[in-house]
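Residue numbers (this note's numbering), protein chains in the order written: chain G, 298 to 512; chain X, 2 to 104.
These are computed hints drawn from the structure, not numbers from a lab.
On a predicted model such as this, the values are computed, not experimentally measured, just so you know.
For every residue, glycine included, the Cβ atom is placed at its ideal position computed from N, Cα and C.
Where hints are given, some of them may not hold.
Some residues of chain G that are not near chain X, with every Cβ distance over 12 Å (derived) [said to hold, decoys possible]:
(1) Asn-306
(2) Ala-359
(3) Trp-384
Each pair of labels, with its calculated beta carbon distance range [what the hints assert, rightly or not]:
(4) G:Leu-477 to X:Gly-46: 14 to 24 Å
(5) G:Gly-422 to X:Ser-33: 48 to 58 Å
(6) G:Val-407 to X:Ser-66: 22 to 32 Å
(7) X:Asn-70 to G:Leu-358: 39 to 49 Å
Selected chain G positions facing chain X (in silico; Cβ < 7 Å) [claimed, not checked]:
(8) Ala-303
(9) Leu-307
(10) Ile-310
(11) Gly-473
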Amino acid sequence: MNGDWAAQNLQTIRTLMERTALYRRALAPVMIAVGCIGLAAAILGWKLGIAQPDHFIGYWLAVAFIAAGAGFALVRRQAVQAGEPVWSPPARRVVQSALPALGAGLLLAVAVILEAPVKASQFPGLEDILAMKWLPQGWVILYGCAVHAAGFVLPRGMKLFGWAFVVAGSLLFLAGTPSLSPAGYGHALMGFFFGLLHQAYGVYLFLTEKKDPAA
Amino acid sequence: MNPEPFLNLDRVIHEKGRMAIMSLLAATPELSFTELKQALNMTDGNLTTHIKTLQQAGYVAITKSVQNNRPLTTCSLTTGGRTAFKGYVDLLEQIVRQTKPQI
Numbered sequence: 298m299n300g301d302w303a304a305q306n307l308q309t310i311r312t313l314m315e316r317t318a319l320y321r322r323a324l325a326p327v328m329i330a331v332g333c334i335g336l337a338a339a340i341l342g343w344k345l346g347i348a349q350p351d352h353f354i355g356y357w358l359a360v361a362f363i364a365a366g367a368g369f370a371l372v373r374r375q376a377v378q379a380g381e382p383v384w385s386p387p388a389r390r391v392v393q394s395a396l397p398a399l400g401a402g403l404l405l406a407v408a409v410i411l412e413a414p415v416k417a418s419q420f421p422g423l424e425d426i427l428a429m430k431w432l433p434q435g436w437v438i439l440y441g442c443a444v445h446a447a448g449f450v451l452p453r454g455m456k457l458f459g460w461a462f463v464v465a466g467s468l469l470f471l472a473g474t475p476s477l478s479p480a481g482y483g484h485a486l487m488g489f490f491f492g493l494l495h496q497a498y499g500v501y502l503f504l505t506e507k508k509d510p511a512a
Numbered sequence: 002m003n004p005e006p007f008l009n010l011d012r013v014i015h016e017k018g019r020m021a022i023m024s025l026l027a028a029t030p031e032l033s034f035t036e037l038k039q040a041l042n043m044t045d046g047n048l049t050t051h052i053k054t055l056q057q058a059g060y061v062a063i064t065k066s067v068q069n070n071r072p073l074t075t076c077s078l079t080t081g082g083r084t085a086f087k088g089y090v091d092l093l094e095q096i097v098r099q100t101k102p103q104i
């Protein structure tokens, strides 16, 4: 008996399962934790008066790494409790799809840190606008792109959440300059998008996510 | 060669279309009818027939609901379906091992 057909069937099954496999970790706690960190960081940044462009960027990059670390720790705990690998094929696809947009956000920040002081010598005040208004708005759009890309492997709704960031971030570029100081605007924007919106979506997921992720 | 694994293959799953449906549902908690149709490039009629067969065998559960004022049909594997699919995959692996040329 030739077993080629059996091997082919197995290969087909593997391919279909990998293509469809969803990332099954409960995202509600991750979103709520990220939201709490984002909101607390916005309040702290505003209270501490972090208003220098390079300080603002450095501060929020540090917050992003802390939030990513907290999210990873929560996901890891869930995987360990379920006796499943943390670095599963769907987890790899989530990271791979989100990474280009997140990497672009990091590079954009580096570019602003390096370029803004040079341009500021020609256009006074531009450095503040670039670092604390346009950069956060760019981050919102790129983060939305990352979430939307990862949404193809995540449960329904996540792509819509990404779209909301992309659309809102783009509209902010079209809106006029707010009356707030650049630093006040930057912290408020970061607190709203990466704090409040994440908390709200986390609560929504908490109420709607299936309790048994493997069910 | 022992023909037993081949004879024990579940005939309900051992059909190209139904095997594909079971594979997709085994990898995810649930999929809508439209998602299945798009993923497998099947016609409505073809997919409905296969899903009915799987439902009659007790392998697939169908849930009907309303989302955004539109009817939504979602399919998921039952516990029995998951067990049967695992058994089917185990048998395929056994057949591959048996027919592999001995070195």
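If you check each hint against the structure, which ones fail?
-> 1, 4, 6, 11
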